[in-house]
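Trainee: The residues making up each chain are set out below.
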Amino acid sequence: MNNWWINAILALLFWPGLLSGALFGWFLLWMSRKFIARLQGRQGPPFYQPFFDFWKLIGKKTIIPNGVNPVLFYALPIIGLISIIFALALLPVPGSSGISFEGDLVLLIYLIEMPVLMDVIAGYVTRSVYAQVGATREAILTIAYNLPFLGALIALAVRLHSFKLATFAAAPISIATILAAVALFVALLAQLKVNPFSIPNAEQEIVAGIHVEYNGLPLALFELTHALETSLLVGLISILFIGPFTSIWMKLLIFFVVAVVVILLTNITAAGTARLKVQHAFKFYWTWGIAATVLVVAAALIL
Amino acid sequence: MSNIFSRLIQTSRRRSPWVYRINAGSCNGCDIEVAPCFSPRYDGEQIGAVLQGSPKHTDILLISGPITLRTQEMVKDVYQQIPSPKAVIALGSCPASGNVFHGSPTIVGSAEAVIPVDLYVPGCPPRPQAILEAIQKASVMLEKGETRSQREVSHE
Ligand code: SF4
Chain A
1 MNNWWINAIL ALLFWPGLLS GALFGWFLLW MSRKFIARLQ GRQGPPFYQP FFDFWKLIGK
61 KTIIPNGVNP VLFYALPIIG LISIIFALAL LPVPGSSGIS FEGDLVLLIY LIEMPVLMDV
121 IAGYVTRSVY AQVGATREAI LTIAYNLPFL GALIALAVRL HSFKLATFAA APISIATILA
181 AVALFVALLA QLKVNPFSIP NAEQEIVAGI HVEYNGLPLA LFELTHALET SLLVGLISIL
241 FIGPFTSIWM KLLIFFVVAV VVILLTNITA AGTARLKVQH AFKFYWTWGI AATVLVVAAA
301 LIL
Chain B
1001 MSNIFSRLIQ TSRRRSPWVY RINAGSCNGC DIEVAPCFSP RYDGEQIGAV LQGSPKHTDI
1061 LLISGPITLR TQEMVKDVYQ QIPSPKAVIA LGSCPASGNV FHGSPTIVGS AEAVIPVDLY
1121 VPGCPPRPQA ILEAIQKASV MLEKGETRSQ REVSHE
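Residue numbers (the numbering used here), protein chains in the order written: chain A, 1 to 303; chain B, 1001 to 1156.
Just so you know, the hints here were simulated from the structure itself, not pulled from any lab data. One thing to keep in mind: the hints can contain errors.
Partial pick of chain B residues on the chain A-facing surface, computed with a CB cut under 7 Å [unchecked claim]:
| id | residue |
| --- | --- |
| 1 | L1008 |
| 2 | I1009 |
| 3 | S1012 |
| 4 | S1016 |
| 5 | P1040 |
| 6 | G1053 |
Note that the Cβ used here is the ideal one computed from N, Cα and C, for glycine as well.
With the hints as extra help, turn the sequences into a complete structure.
Mentor: Right under this line is the structure:
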């Protein structure tokens, strides 16, 4: 029992939780910015940029907008952050001492939704028109991108007869896995809010979207949540590919390589496309998302 | 421990200056010169500078134009919305002296009269290199606690 607690705390705080999740997420975010900059012919930010952005925000004074409940203003990012840390701890990365039980996939899906929900509420709470428009768009987009996301995960669960993430990470690579990874990737674009689905945080259009009134510490927490979300969602795709390898170093290497490839593909898409309108994004997910889901389910059941 | 912490925050102030700009009646020349600072040729992102859309996310305020009477209140308002520590850079000759608009009855003619300015970038318009240099100097001032927002708070 005692051991279980130590393992759980290790998983929450170090690997794969807060510390490594943040470092990995910052690394992936830096790579996104650098890669986009290189595609645009610029040099791009230095390696440590997201790290310093975070600490600078921590060091700033926080202004709470008039008429906004301060408790709510601080609570929303904190709840989002805590849920994403718990979600990360469930991820069966190689070498994780983590918590694993039958049905943890369901819990993970719920926890992934929490920061999104907090974002939407934050948009409405801060009483800015821009934030409200952003929140509406994010809420609509959630319904859209969850279709391929949940579809792919459920299809894999049906194929492996298990709702346990550790089984996902141990399963051999098949056509169904690859199709599921593609469906997860399509959903990832909207989950990370990059072009063409950067609709909720459309800069130049609705200023900074949902976080327009957020500043200082709460904004830093939102940014940290975004970094952790990035490592979680990219990691979720990566673990589908580590099954066939036995040595832990090999597993780690494959995990890392797949994550980097996914981020590069995301940013090629982001740099090569323009922002869609929310109705077009919705239509995209409800036609191609359904097509991808049907394909994954068919592959999972037949092959 | 708290020493390391404050050192880290000071360094990150230098490494991550986020920029917001207001046009207070400028002829647009200065604003056009800000855009190339973030283009492939000059690429301000190398020093961590990013253009932000909301004053709430800002560290450095770029102000251009001679501060017309109609924008005066808005400039003050935007300045107050920026969470401290913050630095203000006046772009071009207009916010310093009124420049070609000098003597006009519709301008204040001096940014200093409205908000505390930390750095002036001379020129009409200034070159992008000069603007980037000012951004870098302002971020060093933020690190050392030398901006007027920081000094005036510590006097209180
Ligand atoms: S300084 Fe020159 S370029 Fe800049 S706003 Fe004034 S007149 Fe225009």
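Trainee: Work down the list of hints and note, for each, if the structure agrees.
Mentor: Status of each hint after checking the structure:
1. Interface restraint check for L1008 of chain B: the shortest CB-CB distance to chain A comes to about 5 Å, inside 7 Å, so the restraint holds.
2. Against a cut-off of 7 Å between C-beta atoms, the interface hint on I1009 of chain B holds, since the closest Cβ of chain A lies about 4 Å away.
3. A distance limit of 7 Å between C-beta atoms decides the matter here; for S1012 of chain B the minimum to chain A is near 4 Å, and the interface restraint holds.
4. Taking 7 Å as the C-beta contact cut-off toward chain A, the hint placing S1016 of chain B at the interface holds, the least distance being around 4 Å.
5. The closest approach between the C-beta of P1040 of chain B and any C-beta of chain A is roughly 4 Å, which is under the 7 Å cut-off, so the hint is satisfied.
6. Because the closest C-beta pair between G1053 of chain B and chain A is about 4 Å apart, less than 7 Å, the hint holds.
When held up to the earlier numbered hints, the structure conflicts with none and fits them all.
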